[in-house]
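Residue numbers (this note's numbering), protein chains in the order written: chain A, 1 to 317; chain B, 318 to 575.
Please note that a few of the clues may not be correct.
[Claimed, not checked] Keeping only pairs whose Cα atoms sit at most 30 angstroms apart, straight-line, the calculated DSSO-like set for lysine-lysine is:
no., chain 1, residue 1, chain 2, residue 2
1, A, K143, B, K333
2, A, K145, A, K223
3, A, K296, A, K15
4, B, K505, B, K538
5, A, K145, B, K333
6, A, K87, A, K235
7, A, K15, A, K221
8, A, K152, A, K235
9, B, K540, B, K505
10, A, K87, B, K505
11, A, K145, A, K235
12, A, K152, B, K540
The set of hints was computed from the structure by calculation and includes no laboratory data.
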Amino acid sequence: MEPIISVDNLVKRYKTSETNAVDGVSFTVAPGEFFALLGPNGAGKTTTISVLTTTLLPTSGDVRIGGRDVVSEAAAVRSQMGIIFQKPSLDLNLSAEENVRFHAVLYGLYPFRPTYSTMPQSYRDRVGELANVLGIEDEIFNKVKTFSGGMKRKLEIVRGLIHHPRVLFLDEPTTGLDPSSRRDLWQYLTVVRQTMGTTVFLTTHYLEEAEQADTVCVVNKGKVVALGTPAELTKTMVREWITVDAEDRSMLRAELTRHGFAFEGEGPFILSLDGRSAHATIRAIETPLTTIEVHKPSIEDAYLAIVEQERSKDEAA
Amino acid sequence: MNIGPVVTIAFRDLLKFIRDPVRIASTLIFPLIFVAVLGGSLERNLGSDAGYNFLAFTFTGVFAQTLFQSAALGVVSLIEDRENDFSQEIFVAPISRYAIVFGKILGETSVALCQGVALILMGFVLAVPMGVSQALALIPVALICCLFGGAFGILLLSNISSQRSAQQLFPFIFLPQFFLAGVFSPIKELPWYLEILSRISPLRYAVDLVRSVFYIDSPDKEKVVLTGFASNMLIISIAFTVAMIAGTWLFVRAERNR
Chain A
1 MEPIISVDNL
11 VKRYKTSETN
21 AVDGVSFTVA
31 PGEFFALLGP
41 NGAGKTTTIS
51 VLTTTLLPTS
61 GDVRIGGRDV
71 VSEAAAVRSQ
81 MGIIFQKPSL
91 DLNLSAEENV
101 RFHAVLYGLY
111 PFRPTYSTMP
121 QSYRDRVGEL
131 ANVLGIEDEI
141 FNKVKTFSGG
151 MKRKLEIVRG
161 LIHHPRVLFL
171 DEPTTGLDPS
181 SRRDLWQYLT
191 VVRQTMGTTV
201 FLTTHYLEEA
211 EQADTVCVVN
221 KGKVVALGTP
231 AELTKTMVRE
241 WITVDAEDRS
251 MLRAELTRHG
261 FAFEGEGPFI
271 LSLDGRSAHA
281 TIRAIETPLT
291 TIEVHKPSIE
301 DAYLAIVEQE
311 RSKDEAA
Chain B
318 MNIGPVVTIA
328 FRDLLKFIRD
338 PVRIASTLIF
348 PLIFVAVLGG
358 SLERNLGSDA
368 GYNFLAFTFT
378 GVFAQTLFQS
388 AALGVVSLIE
398 DRENDFSQEI
408 FVAPISRYAI
418 VFGKILGETS
428 VALCQGVALI
438 LMGFVLAVPM
448 GVSQALALIP
458 VALICCLFGG
468 AFGILLLSNI
478 SSQRSAQQLF
488 PFIFLPQFFL
498 AGVFSPIKEL
508 PWYLEILSRI
518 SPLRYAVDLV
528 RSVFYIDSPD
538 KEKVVLTGFA
548 SNMLIISIAF
558 TVAMIAGTWL
568 FVRAERNR
């Protein structure tokens, strides 16, 4: 299947800089995929997303969205994507409906009319549906500044989807939201992905949000340092371990040694699984255990390991 | 180029202005101070010596300056806007960069024109000697001042990379023009070096255009107006065309090439 996003050897050097902000980045994203771009501050995430969303010209490399070149076919690329910016992109003194209307006209969905009542019936029906989705039937004509943070974000997403984009770019979309608004937003996005098949391209520093991604790409100093599924990254980067303890620690230690299990500590004991399953390891132990904790590595562990590994490499160099 | 996005961008600017009472009030504060305080005191102390009414002189100067500067700064705000509120959407929408420029100029012109109407009403309240026909004649001239200011703004915009450099540059660009354009000080007679600087100040022609219309049937015309309506219009038309073409071209070229 042809990728919806293809980035081939992307390089961006700002005019005022002597180093590359993005330095030979390559990856592809399949249609319908959930792709997460991670990296520390200054890694090149924002520069990459700016080039992908056509607001910045690359220095070199080939970047295509839906087969269209972001440099020479920028307008065609823009019509295929929706963007949720890091900073809020709503006019707070305008109503929710006005924010939606201006977006719809800019994307060529409807002709410009100065008021809601003079807009075509099809538009008014659509706004009714959107208000229903958001549960703001009574507030759609209220100024956006009266909305909660979570509701504003949701309105931006609903607005960003009104022109049925093939790709939805989300640049740290949950920054500043409380945990319940974040969970609510992700539930909504999951429904959007399932029902519309929209490709989602995410940058975030809440690493648990990347846990659900199909592919995670970690960038550091403008280069891709890890690319794969969350499971692949955690498997290659983070060892799995379990913690066990027993009342008779000397008996447990002797048994662990007899089995040839690598372990650390004087009790509780931390056992590296080294490819074995946690279940098989625990079954092999006959000493009565008082503590069993299975450590399941997360994408956050993998990310921290990757970043740490890169830092060590830099220090060594 | 599709007209829908141009009108949408312009309408949004106007709507945002109308919905913001604090901004409306703040745009009228400076003209009010200049006309009422400066114009009033100059009239009382120097009016009889000058031989014409200083309140009207200051009012017409401040009227042109406010509209020109408001439209210019409004257009320049595009630099900062690209990272704020709905403006971010404008830069990623599938519309031409020219639509953004024209929409912004049209929008800021509409905003400045609203200020112009408010300034005329303020002029009546401050007892500026002005007939109804003079007031009405100011409206089309106000439109020209706003468009001229917008074009000047786009020329500035294309040469400024950040809001910070814009803020550092503005005192050097706008403040001298207050005096070189004769906003509230007469410039009928100037030393040769100031005369040169005055003649290259775009605001001079906006101010003089307003006065050439305001004083058209007035006996003070000879003492106040510098060049006359036709000459001012010709110079403004040429400068407007050059600024629009060069500014738009440079802005569109530089916009994504950072």
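Tested hints:
1. K143/A x K333/B: 11 angstroms, holds
2. K145/A x K223/A: 39 angstroms, violated
3. K296/A x K15/A: 45 angstroms, violated
4. K505/B x K538/B: Satisfied, since the Cα-Cα distance of roughly 12 angstroms is no more than 30 angstroms.
5. K145/A x K333/B: With a Cα-Cα distance of about 13 angstroms, the restraint between K145/A and K333/B holds, given a limit of 30 angstroms.
6. K87/A x K235/A: 35 angstroms, violated
7. K15/A x K221/A: This hinted pair holds, its Cα atoms lying about 17 angstroms apart.
8. K152/A x K235/A: Cα-Cα ~38 angstroms, so violated.
9. K540/B x K505/B: 8 angstroms, holds
10. K87/A x K505/B: 51 angstroms, violated
11. K145/A x K235/A: Violated, because 45 angstroms separates the two Cα atoms, which is more than 30 angstroms.
12. K152/A x K540/B: 58 angstroms, violated
Going down the numbered hints, you'll see the structure goes against 2, 3, 6, 8, 10, 11 and 12, while the others check out.
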